[in-house]
Each structure stands twice: as C-alpha cells, then as structure tokens.
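Q: Okay, here's what each chain looks like letter by letter:
2 protein chains.
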Amino acid sequence: MKNIIIASTSTVHGSGTLEYILPELKLFFEDANEILFIPYARPGGITHDEYTAKVNDAFSKIGKSVKGIHEFENPKEALQNAKGIFTGGGNTFVLVNQLYKNDLIETVKAAVNNGTPYLGTSAGSNICGLTVNTTNDMPIVYPPSFKTFGFVPFNINPHYLDPDPSSTHMGETRETRIKEFHKFNTQPVVGLREGSWLEVKGNSIILKGELNARVFEYDKAPFEVETGTELNTLK
Amino acid sequence: MKNIIIASTSTVHGSGTLEYILPELKLFFEDANEILFIPYARPGGITHDEYTAKVNDAFSKIGKSVKGIHEFENPKEALQNAKGIFTGGGNTFVLVNQLYKNDLIETVKAAVNNGTPYLGTSAGSNICGLTVNTTNDMPIVYPPSFKTFGFVPFNINPHYLDPDPSSTHMGETRETRIKEFHKFNTQPVVGLREGSWLEVKGNSIILKGELNARVFEYDKAPFEVETGTELNTLK
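Residue numbers (the working numbering), protein chains in the order written: chain A, 1 to 235; chain B, 1001 to 1235.
Don't read these hints as lab results, they were simulated from the structure. Ideal placement from N, C-alpha and C gives every residue a C-beta, glycine not left out. Please note that the accuracy of each hint is not assured.
Claimed, not checked - Using 16 Å as the maximum straight-line C-alpha spacing, the simulated EDC-like pairs for lysine to aspartate or glutamate come out as follows:
| hint | chain 1 | residue 1 | chain 2 | residue 2 |
| --- | --- | --- | --- | --- |
| 1 | B | 1183 | A | 34 |
| 2 | B | 1208 | B | 1024 |
| 3 | B | 1067 | B | 1077 |
| 4 | A | 67 | A | 50 |
| 5 | B | 1002 | B | 1106 |
| 6 | A | 183 | B | 1050 |
Claimed, not checked - The following residues of chain B were derived to be distant from chain A, with all beta-carbon distances above 10 Å:
| hint | residue |
| --- | --- |
| 7 | 1056 |
| 8 | 1083 |
| 9 | 1133 |
| 10 | 1214 |
| 11 | 1228 |
In isolation and in its complexed conformation, chain A is listed as follows (with noise of 0.2 Å):
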C-alpha cells in the first residue's frame, strides 16, 4: 500500500529544516531507524555530502539517522532495501535530470508502490506528480523527459503562492501560469501553499496542514479545497 507524503516545502518561514511537521514524520518513519536520502536536487548547488549532513542534523531530532543515495555503489539495492526514502528540494530538473542519468524512476516507483514510506518537499514533491511540467524551478539543466513518479494522478505545484493585487511587476503570477499549461495539457495541478502537504495512504489522497490548497482543473475555474479533503477523486 502507498504511504507517501508530498510536502510543499520543507522549512516555514521562521523555523528549521523539517521542524513544522517532525511530530508526524515521527510517526511516517515509525518502522525506519535510518532513512535513505535522495540529495540530487541541490538547493543553492551544495554538494550532495552537504545536503546529506543538514538532513540528518534535522532527522537526529526525531532520532533517525540519513544515508544519502550518493553513498551507496548500487542505488538501485539501496532503494530496495530502504526502510524510508526522502527526496528534499532544490532544482526539480538537476533532481529529475540525475534520477534519469542513474536509471531509478522505476526503482523508486516500484519501491513506493510497495509500501516503502516516501517523503518528498518541494522538487521532491513534484516528482510525485504525473510530470515536471508545473514545476516553479529554473531549468537550469536540460533532463531526458518531463515524465515523473506518478504517485497522485494530477500535478503538483509547490510553494503555491496567490497573485499580489499590489505587485507592478509584470511577470506571469503562478494562476496565470498554471492557465496557460492548461492549454497543453489536461491533468489537474494542485497548488501546494507552503506549510501543507498530502498525505497519500493506498488509494486516498488527504490534504493536511493548516492551510486551503488550490486546485486548477482542465477547462474550469480553479477552485479552493479546505485541509481534510480527500482528493483522490481528481483525474
């Protein structure tokens, strides 16, 4: 059964990596001393030793301990055999570009669908989604294939932010962004607010956190759903 939660980032303003939702990582990651970090998205380009430290400083909080993919010379068995992966933020096309280079969509997705506890924030998140095509990451590298995990039959757009009514910037909001892949493209996009996340058990896909989510669905106005909704009714 899939256990998985997509997580709109992983630090809320004003508090450390993970710190806003460790009491239900606790839980998610009950059966899992050490969990297997998956760093390829490189936020500010830190290395992926780097990127590793800082996750586990965080995870020691819950009394987890982290190995990065990076470590093992065969990620494939390390996923295998991982009792917990997590994939944090950073730039979603270095992430999917490096998962792609080292052939594990397939091994990650069979993981999951076997039950392995999957945490992802941010670009982590993303992948959950059917594609990277609603990603707000620079494209900085170009990777093989938009096409992702597909844990949730929609997308999904992370640290979803509403339009600014005073903002003179003439750059697209992310409403209107997400309008226009709409025009290509039929899936649903849930937009993520920072601080909220899904919480996908087998078929059920619950929105937690405090906060609404967004959804924009192909041909319709988007619409808000409140925290608690199951949304595995969305195709």
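Add chain B to chain A, keeping to what the hints say.
A: Just chain B, lined up with the frame of chain A:
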C-alpha cells in the same frame, strides 16, 4: 550586420503594449513598413491570431502593419523576405517548441545575422541568448532542445527581479536561481530589469533604458552595470 533589440518586457506597468519603446522602434524599423511577427509564445494561451491583432494595434501607432508568421504558407520564405522581425513574450518553452517544430531556428538566425532588424521582448529576448536555461517561465511543454539563437554570447534573464528582503516566502530568489545555474553552466547571464533593453549592432551590445542591469559571471560575485555600458566583452 546584426541589428537587434533585446528587451526585458513588452509592457511596463501602467502603460500600453510596447508604448515605452515605440519612439525607439520607429527608428529601428525605419525601413520596414510591415513587421513579421512570431506569436508562438502565446501569452495566457491566446491564439496566434489574437496575439497578432494585439501587436498590430501597438505598431499601428508608429504607422507599421504586422503580419503573423502563422499566416504564411511558407514561414521560412516569410522570414527570408521580412524587412523586420518581432518575437513577442509569453511562454518560452511553448515558443522554443514551436520554432523547433517548424524547423525555423536556423532560418531566423540566418536572417538576423544577415542584418534583418529583430526585436525580442521577454520570451522573444530569452531566445536571443545561448540557451533558455535562465527563463523564468513554467516548463508547460517539453521542447526538443534548450539551445537558442545565440545572438549574444551569454544568457538573458528578462523581468529581472531583485530579492525582496521583507518576503517570508521560502521559494528561491532570482539571484539564487542564477547562482544555481552557474553550478552547471559557465556562460554569463544578464539580468534585464523591466524597461531595459540591449541594443546589438554588429559586435556592439549596449545596455539601454533607465535602469542598471545585473550581470552574473561564472565563479564571480554578481555586479551592476549602468545604462550605456558596452557588454560585448562578456563571454
């Protein structure tokens, strides 16, 4: 001799399409009564016809008519015969995808390198750089390549936005994103603020408009350049 205007935006806040730059364009397109417009970036997903009509309205104020490239049976021939070319903003991925699909990259390059005046705004400016790896747009379609015209020996970041020190949003700033780009790429990036443009004449590349631009070079601290600065030494 190349003759290009690479503008950050088509529209500055509180003014009509191209209004801020129309006096400049009247001179720039002096020898072109009709402008060939490339509407492929489809801002907000509008059709090629709708976009062309909007741009035609703007150019009519300086006595020019506009014809969309999609109106021609043979778009390559249209480019070869054009007296002036304008590529408007919208979604960079959609634009690049369509240029590749219609096999027009080399044809535009040849025309512009032969001296046909070319105006780009926003997405239409992004493609004047080496690649679109520094676009701000959402990757709503997957183009066959990120390589573009390379009219200047660096990348462009249009709509350049300074970091907002008061923001509580945890998404990356533009500067962070460009720094991440330089973990994987070495070419310089010129961040063009709204209302700024680059004037390319042969080998000269001069910053125009009222504002400074921000230049990011590989492995160096970013720096400001004043309007009027010659940028052809960047590489």
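Q: Measure nothing beyond the straight line between the CA atoms of residue 1208 (chain B) and residue 1024 (chain B); if it is 16 Å or shorter, mark the hint as holding.
A: 11 Å, holds
Q: Over 10 Å to the closest beta carbon of chain A is the bar; see if residue 1228 (chain B) clears it.
A: 24 Å, holds
Q: Assess, step by step, whether the Cα of residue 67 (chain A) is no farther than 16 Å from the Cα of residue 50 (chain A), and give holds or violated.
A: 12 Å, holds
Q: Residue 1183 (chain B) and residue 34 (chain A) were given as a pair; does the straight-line alpha-carbon distance stay at or below 16 Å?
A: Measuring from Cα to Cα gives roughly 30 Å; hence the hint is violated.
Q: Quick check for students: does the CB of residue 1083 (chain B) sit more than 10 Å from each CB in chain A?
A: Holds, because the least Cβ-Cβ distance between residue 1083 (chain B) and chain A comes to about 29 Å, which exceeds 10 Å.
Q: Hey, does residue 1214 (chain B) actually stay past 10 Å from chain A on C-beta?
A: 15 Å, holds
Q: Taking the shortest Cβ-to-Cβ distance between residue 1056 (chain B) and chain A, state whether it exceeds 10 Å.
A: 21 Å, holds
Q: Holds or violated: residue 1067 (chain B) with residue 1077 (chain B), Cα cutoff 16 Å?
A: 14 Å, holds
Q: Under the criterion that the straight-line Cα-Cα distance not exceed 16 Å, is the pair residue 183 (chain A), residue 1050 (chain B) satisfied?
A: It holds: about 15 Å lies between the C-alpha atoms, which stays within 16 Å.
Q: When you look at the beta carbon of residue 1133 (chain B), is every beta carbon of chain A farther off than 10 Å?
A: The assertion about residue 1133 (chain B) is violated, with a minimum of 5 Å to chain A.
Q: Given the hinted pair residue 1002 (chain B) and residue 1106 (chain B), is their alpha-carbon gap at most 16 Å?
A: Holds: residue 1002 (chain B) and residue 1106 (chain B) sit about 15 Å apart, inside 16 Å.
Of the hints listed earlier, those the structure fails to meet are numbers 1, 9, in rising order.
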